[in-house]
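**Q** Under the working numbering, think of the first position of the sequence shown as 1, with each following residue one higher.
Here are the in silico distance ranges between beta carbons for each label pair: (1) Phe112 / Trp146: 35 to 45 Å; (2) Phe112 / Gly168: 37 to 47 Å; (3) Ile63 / Lys100: 15 to 25 Å; (4) Trp101 / Arg171: 40 to 50 Å.
If you're looking for bench data, these hints aren't it; they were derived computationally from the structure.
Positions of the beta carbon are idealized from the N, C-alpha and C atoms, including for glycine.
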Amino acid sequence: MGRVDYLAMKTDVDTVALVNSDVEELKIAAKKLLSDVTKLGGAAFGVSFVKWLACFAAIYLLILDRTNWRSKMLTSLLIPYIFLSLPGVLFNFLSGDVGKWIAFVAVVLRLFFPKHFPDWLEMPGSLILLLVVSPHFLAHHIRGTWIGSIISLFIGCYLLQEHIRVSGGFRHSFTQPRGVSNTLGIILILVYPVWALIVRVLK
1 MGRVDYLAMK TDVDTVALVN SDVEELKIAA KKLLSDVTKL GGAAFGVSFV KWLACFAAIY
61 LLILDRTNWR SKMLTSLLIP YIFLSLPGVL FNFLSGDVGK WIAFVAVVLR LFFPKHFPDW
121 LEMPGSLILL LVVSPHFLAH HIRGTWIGSI ISLFIGCYLL QEHIRVSGGF RHSFTQPRGV
181 SNTLGIILIL VYPVWALIVR VLK
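Please take these sequences and the hints and turn them into a complete structure.
**A** Printed below as a string of structure tokens:
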């Protein structure tokens, strides 16, 4: 009986050792993968990540403006910003047949059932229409280029200075409860064009 217990304990120790060695190998493989990704496409991955972040920040600001946290900023400028910064996967999806059907339903509702068309759908409807009907030149030669990044940067800078002016100064834009969320959102939408332009200059 004592021999069997000894053998069982030895196999338990071997199992733990094997699991630990496997975990160590996984850690080494993850570190190698991370370093390879950083070497091969670190800058491109960074631009892509920041683009997603900026796009969601712009959508967040747009939603925030449709709620009780309405600001006095010209939030309609967020529509061209989202158009210029929308990641390619979402842009292709929304500018295809799905976007055409959404735009068609929005136009029909707006024309024939205006009382049933809520005000908060005006901006998203405009964005979908812009995505669907944008000319090839805008969709493929302005978006994703340095021109689009400069336009996005101007929009972000304008929104930031307007927000600071409406808030009553830079300090108030960070201290007022309503101002902080808007300020952080605008700073996030400024990060993408700045980062994209830096990467283009360093290439």
